[in-house]
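Asker: Residues per chain, in single letters:
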Amino acid sequence: MSFKSKIQSFHDKHYKLLLILPLLILIFSAVYLAVFYNANGAFFKKDISLTGGTTITIYDNLDIIKLKTDLSTKLNDLNIRDISDLSTGELKAVIIETTSEGQEAKKIVEDYLGYPLVEGENSSFEFTGASLSQSFYKQLMLAMLVAFVFMAIVIFIMFKNFVPSAAVVLSAFLDILMTLIVINIAGIELSTAGIIAFLMLIGYSVDTDILLTNRLLRRTDHSLNLRIFNAFKTGITMTLTSFFAILVALFIVAPFSSVLTQIFTILVIGLLFDLFNTWVTNVSLLKWYVLRKKK
Amino acid sequence: MKFKFTFKIWLLIIFLALSLLAIFSSSGFIKHGVLVASIDSSSDLFSQGMRQGEVIKAIDNQKITSLEEYSNLISNKFVSNKEIKLIVTTDKSEYIILTNNLSSIVVKNIPKTNILLGLDLAGGARALVKAQNQSLDSAQIADLVDITRNRLNAFGLSDLKVAPVSDLSGERFMLIEIAGATPKDLNRLLSDQGKFEAKIGNQTVFIGGDKDIASVGRDAQNARIESCNPLSDGSYQCTFQFTVTLSPEAAKKHADITENLSVNYTDQGNYLSQRLDLYLDDKLTDSLLISEGLKGRVTTQIAISGSGQGATEEAAYEEAKVQMKQLQTILMTGSLPYKLEIIKLDTVSPTLGGSFTKTIMIAGIAAILAISLIIFIRYRNFKISLTLILSTVSEVVILLGAAALIKWNLDLPGIAGILATIGTGIDDLVVIVDESLHDTSISIKQRIKKAFAIIMGAYFTVLVSLLPLIWNPITGGAAGAGLLQGFAITTILGISIGVFITRPAFSDIIKQFKHKEDVA
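Chains A and B, in that order, are what the protein sequence lines are.
Residue numbers for the first sequence follow the working numbering, beginning at 1 and rising by one.
Residue numbers for the second sequence follow the working numbering, beginning at 1001 and rising by one.
Calculated from the structure, these hints are not laboratory results.
Wrong hints could be hidden among the right ones.
[What the hints assert, rightly or not] Mimicking DMTMM-like on lysine to aspartate or glutamate, the simulated pairs with C-alpha atoms at most 20 Å apart in a straight line are:
#, chain 1, residue 1, chain 2, residue 2
1, A, Lys107, B, Glu1319
2, B, Lys1321, A, Glu121
3, B, Lys1339, A, Glu101
4, A, Lys107, B, Asp1192
5, B, Lys1449, A, Asp221
6, A, Lys46, A, Glu189
7, A, Lys138, B, Glu1319
8, B, Lys1108, A, Glu121
9, A, Lys107, B, Glu1341
10, A, Lys293, A, Glu189
11, B, Lys1358, A, Glu101
12, B, Lys1358, A, Asp82
13, B, Lys1445, A, Glu189
On a predicted model such as this, the values are computed, not experimentally measured, just so you know.
Could you build the full structure based on these sequences and the hints that come with them?
Answerer: As C-alpha cells, this is what we get:
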C-alpha cells in the first residue's frame, strides 16, 4: 500500500476521532480563560494603549537597566524597551511606558535626565487618558463582535447549509480562541494594534475554509478524498505563503516597531492554528456531513 | 498562438500607468528645486505672496536642484551682514527682496513620491480634546473647531486638520492633527483657554479677539524681546513687548475710564493713579503704568509687555518668544469658549521616520521573496510563478497610487493593511492557478468562474468584517483618533483593487498559458 493510500485509510477510519483534538483544546481554552478572567478581570492583558497612560520615546543612548531601577519607584507600572538599528545594532532610542499621567511623567523623566525633552527633536510623546482608553476598548470589542457576526452571516448566506457554514464559523472562532490563549500564556499585553490583528485573522482564516467547503460540496468530479487532498494542496500553499511572508517581515521589523511586531506575532500564531483548524477540525466535520448525506 | 491583450489586461495596464503617474507626477523624482516647508508670516517674502508649498527653482537665476545646493548658495550669498538684492524664482512666481538673510523660510527637498506618510511614520502631533466637566452638542463643537483652527493658524501652523469626532456613547471630541511638525507649545495652546482681559481697577477695557483688537504687531518693529536680566536665584528673565491696535470702541472705552483717574507725580514720571492690569485666564500676568498724557485720550496704539524665565539666558529668551507668540495669538483670536482637557496627545518625532520607512521596505521585499520561493517550489513553473508575483506587486503599486491620489496618509496600521492585501492577493491567485490546472473535464472558462466563486466569497467575508471599523457609531472616537481607519480603508481599498482589477487580469493571462498547454 502506498503512503498516500495509507493516509487515506487512516483518515477514513479515524477522522471522527480526530475531532477529539479540537474538542480537548476547546475545553482547555475555556477553563484557562475562565481562570484567567477570574484572576485578571478581562480575557487578556491590556497594554497602555487600552488602559491609558504615557509612552515617552527618548532618542538617546541610555542605560536601560539603570533607568528601570531609578524610575520604577516614581512611575506607575513602569516598562522600558529599546529600539536599535537593524544593520548596526546600535541603540537608537529608549521607550518608557507608564500608566502615570502625561505631563507628570514627562516632568519626572526630565528631572531624572537633567535635560528637557523637546518633542519632535529628542523625543516623542504619547498620552491617552484612562477614560478614553476605556471607551476605545469597548468600541474595539464591539467592532470585533460585529465583524465576527457579519462574517458568519456572509458565510451562512454563501453556503445556505447549516452544518458546513457552522463548521467554517467554528473554525474561525477556534483560530481566534487558541491564538488568544497562546498570547495570554506568553504574557503578551494586547494593544489596539493587537485587536486589529485578530480582525485580520478572521479574514485570513476563513478563505481556506471557503476553498475547502467549495471543493467538497460543489464538486462531484473526483472522489471525496481526492477533493480533500487537492483542496489541501491549494490551501497549504495559501497559508504557507502568508505564514512565511509574515514571519520574515516579523524578524525584520521586530527591533523597530512594537505595533507591527504585535500584529505579525498574532498573525503567525493564528495562521498555524488555522492550518490545524481547517485541515483537522473543518475537514473532519465536512467529511462527516458529506458521508452522512450520501447515505 | 500569440499572446492576446484582453480588455481586463489592458485595464490593469492602464491602472498601473495611472498609479505610477499618481505616485511620481510632480514629485522630487522628476522635478528639481527645493520645497518651502514653512514661511514666517511677518516676512517680506510672505507679504509679496510666497506661501508654504511653493518650489524654489532658482535664486539669482542660478538653478537649484537640491537642499545642498540651496544651502551652499545661501551661505555664499550672505558672507557679510550687508543687505543684498535677491531674486527668488519659484514655480508660482518671482520675488525680489532686499535682505541680509533668508531665515524667514525653511526649505526641504521635494518628497520623492506623492505618497503621504501618517503621523507614526513621518512625525507630527495629534491631540484629542474635550471640554472639561461639560458635554458639548454638535453646534458647540463646530464653534470650538472653528476657533481652534483660527488660533492654530494664527500661531503659524498651516498643515493641520481640526475636526469633530464622537464616540459610542455620543460624547463629542475635537481631533487635531498636525503633519510633519510637533509644536512644543501645542499642549499649552490648547489646554489654556486663553481668556485675555485688560482691566483698570475692576472695569474691563478690552479683551482678546477681533471685536476689541484691530491688529497685533508681529513684525520686528512692533514686537521684540526687550531685555534679559539675571534673577536672584541665578536663573534669567527676558521681557518682551509688542504693540496692539485697539478698535475705535475699545479705544473710546479706554478714554472714558482714564478720564476719571487722578495723576500721581513721582520722580520716575507722572502716571495715572491706577494701572492697566492684564489678566490671562483670570491670572494677573502684568500691570502696566499709564502715563499722564494718555488720560482721557482716545488712543488706539497700546504696548503690551510680558516676560519669560529660564535656567539660562538662552532658555529665558526662547521662553519669552514662546510667551509672546502665545499672547499675540490669544489677542488675535480671542478666547476659546470652553475650558479644554487634552485626553489624548501624541507627538511623534520624524527622527526615526526615515530609517523606519526603509526597514518596512526591506521587510516588504523580503516578504515577497519568501512568497516567490514557496510559489516556485509549489509550481516549478517559471512563467506562472513570475506572473503571480508580478500581479501581487502591481496590486501594491495600484494601492499606493490610489493612496497618493486621494491624499491618504499611510500609517503603520495602513502598512498592516497592505500586508493583508498581499496575503489575500496571493491566496486568490493560488486559487485561480489551482482551479485552472485541475478538473480538465470542464472548460477553462468555467474553471476560472469556479475560482472566482471562492474569491468573491473570501472577499465579502473580509469586507464585512472590516465594516464595523469604519462605521462611525461604533468606532467614531477611536477611528477619529487615527487608530483604525488606516487599516480598514487600506485593506478595503487593496482587496477591492485586487478582486476587480488585478485578479481578473491575472486569470486572463493564466487562461492563455493554460489554453496553449491544452492545445499542445
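Asker: Now tell me if each hint is right for this structure.
Answerer: These are the hints, each one checked on the structure:
no.: 1; hint: A:Lys107 / B:Glu1319; verdict: holds, 17 Å
no.: 2; hint: B:Lys1321 / A:Glu121; verdict: holds, 18 Å
no.: 3; hint: B:Lys1339 / A:Glu101; verdict: holds, 19 Å
no.: 4; hint: A:Lys107 / B:Asp1192; verdict: holds, 19 Å
no.: 5; hint: B:Lys1449 / A:Asp221; verdict: holds, 16 Å
no.: 6; hint: A:Lys46 / A:Glu189; verdict: holds, 5 Å
no.: 7; hint: A:Lys138 / B:Glu1319; verdict: violated, 41 Å
no.: 8; hint: B:Lys1108 / A:Glu121; verdict: holds, 17 Å
no.: 9; hint: A:Lys107 / B:Glu1341; verdict: holds, 19 Å
no.: 10; hint: A:Lys293 / A:Glu189; verdict: violated, 46 Å
no.: 11; hint: B:Lys1358 / A:Glu101; verdict: violated, 33 Å
no.: 12; hint: B:Lys1358 / A:Asp82; verdict: holds, 19 Å
no.: 13; hint: B:Lys1445 / A:Glu189; verdict: violated, 49 Å
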